[in-house]
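Start from the sequences and build out the full structure, keeping to the hints where you can.
Number of protein chains: 2
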Amino acid sequence: MNDCFYHLCSMIYGNITEVHLAYFRQVVSMAYVLTDEENLIRCASDHTEDLHHRPAVVLQPASADEVSSILRYCNEHRIPVTARGAGTGLSGGALPVAGGVVLDMKRFNRILHIDKRNFQVTTEPGVITQELQETLKAEGLFYPPDPASKGSCFIGGNVAENSGGPRAVKYGVVKDYVLNLEMVLASGEVIWTGANVLKNATGYNLTQLVVGSEGTLGIVTKIVLRLIPAVKHDLLLLVPFRSAVQACEAVNAVFLAGYTPSALEFMERDALEWSMKYVQSAGVSLPDDIQAHLLIEVDGNNMDELYRDAEAIAGIVQQYDIDEVLFADSHEQKQMLWTLRRKVGEAVKSNSIYKEEDTVVPRAELPELLTIIKALGNEYGFHSVCYGHAGDGNLHVNIVKAGMSDDDWHNKLPQGIRRLFTEVVRLGGTISGEHGIGLVQRPYMDIAFSEVQLQLMRQIKQVFDLNGILNPGKIF
Amino acid sequence: MNDCFYHLCSMIYGNITEVHLAYFRQVVSMAYVLTDEENLIRCASDHTEDLHHRPAVVLQPASADEVSSILRYCNEHRIPVTARGAGTGLSGGALPVAGGVVLDMKRFNRILHIDKRNFQVTTEPGVITQELQETLKAEGLFYPPDPASKGSCFIGGNVAENSGGPRAVKYGVVKDYVLNLEMVLASGEVIWTGANVLKNATGYNLTQLVVGSEGTLGIVTKIVLRLIPAVKHDLLLLVPFRSAVQACEAVNAVFLAGYTPSALEFMERDALEWSMKYVQSAGVSLPDDIQAHLLIEVDGNNMDELYRDAEAIAGIVQQYDIDEVLFADSHEQKQMLWTLRRKVGEAVKSNSIYKEEDTVVPRAELPELLTIIKALGNEYGFHSVCYGHAGDGNLHVNIVKAGMSDDDWHNKLPQGIRRLFTEVVRLGGTISGEHGIGLVQRPYMDIAFSEVQLQLMRQIKQVFDLNGILNPGKIF
Chain A
4 MNDCFYHLCS
14 MIYGNITEVH
24 LAYFRQVVSM
34 AYVLTDEENL
44 IRCASDHTED
54 LHHRPAVVLQ
64 PASADEVSSI
74 LRYCNEHRIP
84 VTARGAGTGL
94 SGGALPVAGG
104 VVLDMKRFNR
114 ILHIDKRNFQ
124 VTTEPGVITQ
134 ELQETLKAEG
144 LFYPPDPASK
154 GSCFIGGNVA
164 ENSGGPRAVK
174 YGVVKDYVLN
184 LEMVLASGEV
194 IWTGANVLKN
204 ATGYNLTQLV
214 VGSEGTLGIV
224 TKIVLRLIPA
234 VKHDLLLLVP
244 FRSAVQACEA
254 VNAVFLAGYT
264 PSALEFMERD
274 ALEWSMKYVQ
284 SAGVSLPDDI
294 QAHLLIEVDG
304 NNMDELYRDA
314 EAIAGIVQQY
324 DIDEVLFADS
334 HEQKQMLWTL
344 RRKVGEAVKS
354 NSIYKEEDTV
364 VPRAELPELL
374 TIIKALGNEY
384 GFHSVCYGHA
394 GDGNLHVNIV
404 KAGMSDDDWH
414 NKLPQGIRRL
424 FTEVVRLGGT
434 ISGEHGIGLV
444 QRPYMDIAFS
454 EVQLQLMRQI
464 KQVFDLNGIL
474 NPGKIF
Chain B
4 MNDCFYHLCS
14 MIYGNITEVH
24 LAYFRQVVSM
34 AYVLTDEENL
44 IRCASDHTED
54 LHHRPAVVLQ
64 PASADEVSSI
74 LRYCNEHRIP
84 VTARGAGTGL
94 SGGALPVAGG
104 VVLDMKRFNR
114 ILHIDKRNFQ
124 VTTEPGVITQ
134 ELQETLKAEG
144 LFYPPDPASK
154 GSCFIGGNVA
164 ENSGGPRAVK
174 YGVVKDYVLN
184 LEMVLASGEV
194 IWTGANVLKN
204 ATGYNLTQLV
214 VGSEGTLGIV
224 TKIVLRLIPA
234 VKHDLLLLVP
244 FRSAVQACEA
254 VNAVFLAGYT
264 PSALEFMERD
274 ALEWSMKYVQ
284 SAGVSLPDDI
294 QAHLLIEVDG
304 NNMDELYRDA
314 EAIAGIVQQY
324 DIDEVLFADS
334 HEQKQMLWTL
344 RRKVGEAVKS
354 NSIYKEEDTV
364 VPRAELPELL
374 TIIKALGNEY
384 GFHSVCYGHA
394 GDGNLHVNIV
404 KAGMSDDDWH
414 NKLPQGIRRL
424 FTEVVRLGGT
434 ISGEHGIGLV
444 QRPYMDIAFS
454 EVQLQLMRQI
464 KQVFDLNGIL
474 NPGKIF
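Note that the protein sequences, when read in sequence, are chains A and B.
My numbering puts the first residue of the first sequence at 4, with every later residue one more than the last.
My numbering puts the first residue of the second sequence at 4, with every later residue one more than the last.
The set of hints was computed from the structure by calculation and includes no laboratory data.
Every clue listed holds true.
Note that identical chains are pooled: a pair holds if it fits in a single copy or bridges any two copies.
Below, in silico cross-link-like pairs of lysine-lysine (DSSO-like), each with a Cα-Cα straight-line distance of 27 Å or less:
(1) Lys377 to Lys358
(2) Lys415 to Lys352
(3) Lys140 to Lys346
(4) Lys140 to Lys337
(5) Lys109 to Lys346
(6) Lys119 to Lys173
(7) Lys235 to Lys173
Encoded structure:
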């Protein structure tokens, strides 16, 4: 970490001169070189906690050639460059902590080619994930990864963070759909990372190295995704549990019985209650004795089979201490439940200053993880609201500041988080399932990795970006 | 390539002294330091063409600690080390072209932990893939990747080559199942590449970088695989086509209709005919006018649905010029058809000196690929037998020497292969789908990659193996 810090100090902290700006105006034209207060403030934050790191300038290129010219110049002049998608990240990955240039990718907003014959799409990174999904759906094609922010996040940001979402449990995460990437290197060279094929044993897998590398290895300018045929039907169940730990236990029981739902989400009572207040919905009754819910979706092309599966799953969860299962089969009811689930993060944020941890463990260890979180909360004096993709063992732990003193928040809590991550790793898990390391999890990387592993990663970073201009201060 | 060649020349070509042997005997005991003729010859070849590269010594370690001691020593003394699994590779990846040490991994033959609760298995790399699959199946668990050599190949070799097999079309390849690897670096350090979780956004994806890296980045000593619930039923169809190109066209029609078979294999007439002779089976009638077959499997847990799918697929292929579809629903009949398919490679090998290319293109480009292959055969005077995983766009092109002169074989044919790979890349494909680059495809890497891409890969190699002791002369 220290190396990295000194390295940052030696860089030009956003010290962009008129000469630099003149060059950028030549490359992307005057209109796309932004130094006004509003844009600098916009690019200083994302959806992570309450962080602010202003760039010196925001550039809005629209082609790989423009990105190439910018990177070549910045590399020569050692100017930090941080790519930004829609700014919905939850680990501070898009924040220009070393100042310099923010590459705002919003003009890369075209879906370039829908290849129906090959079940592939080539898209630019600045396309909103949900718009991409809906455009594809109209063609009978399905791109499953669906982060909670899908209505506003960019597909490029999803690639940078290897995002997941509820459907990952059945369909996998972003990395499972990326076939090939066009990427501009720090040197300005433009490469493709692979080929547009379903199987590839040709050299090192640069594609998979770049997915999830958080903009530290290059700037992705085109994305080739594999697609699957659209799925026709789904059913949704909401199961209220009187014990949160039992809800976690039930998750594994579903899989052990041989079922793979298309979503299996866990929400602690607070998560659902706060979300209902936030979206002003009274759609779900919430008796006093309910500690948590599971939201379980099954999908497929045969409605009879879905009903059979849903009933079988209902039978499995009924072995636990639950209240009445809600079967949502109307479109409106499903939408309402999914909205409640998707809005939990925003609801918590609107409620209190908070930190969100993105723990992930082997699925069967979830009950133990939840027990540990609550015990650590008692020990370190924090209240947590837990929810997330239980089917993947991916539990978001929202720690709310509420009544905690500033001193405890800044000094005692990090020790508690350190303890939490240590337990997560002991359970076979790791410190981020889908949000990335970015800025806020960086101090904990030594828990997940040995110095030897970190050194390998740092050296790989150097291979791609010798001068460390790309998103400096992130991951390591 | 030249750099690499000079680099090799500067290494100790198998110049193992008594001092070295004494050290090795200390590490793995006398019994596992082999210098006898039989073992040196055994480790000089794999299943690739007719290649022979003898090591100076074969070591059979049985623990990561032993591998670590060996690598540390070899790194210090610049002794080449090439790992070897079962020797079933098809690109010469396990051949010690620079001499030195072969690490024979056969003693790493234990399945260490079947974690039924988490649908995971931790295994050593020297376990035979089919034995692993059968052990897991007995526990209700399913590890899908099934290369043709599954009865003899090692799971470690599958990881090294990112192997596929017929089921990849529905279930993905090896990389889609590897969660975490224990690996010994050239320096002797032992690391894990990731964590035992289904989602991971923590640092660079070293796991996916190592899968398919052909033993050039480290020696894998433990493998953690994710598993899925066992599937109960399957049905198999054999469809005889009067036009091979139409058979390729039918492949895509099946997917466009929304079906994803669990296998969709293509075999040219020669492939099936030679395989029938090789295994002395008369199981399939082969009328004179049949040019190719598709072998189509569907699997699932609901037999009624499988019959419906199989009938629908039969309906789709009937739009082409086909003979009668064979529905194989007895276990014996299915076994017979799969044996014929799996033995094609060996059958071709027993028939003639040959070269096997492992082309892969976006699926819908298969008919064009087949047409190109035959046209190049006419132009360069070679006969080819094509078969493979058509559902993935992965076509194995077996070029048989037959009547070709030695001069044409050695001088003219490589030009034809170069033309073939150039066309494959033009179609959006690449030069190896599942066999790896190893030794034999190395001369063609410049077709798939630019110098910038190759330089990135070479530098990554250096990060892991500064002195280039691990499997030198492969990939680059």
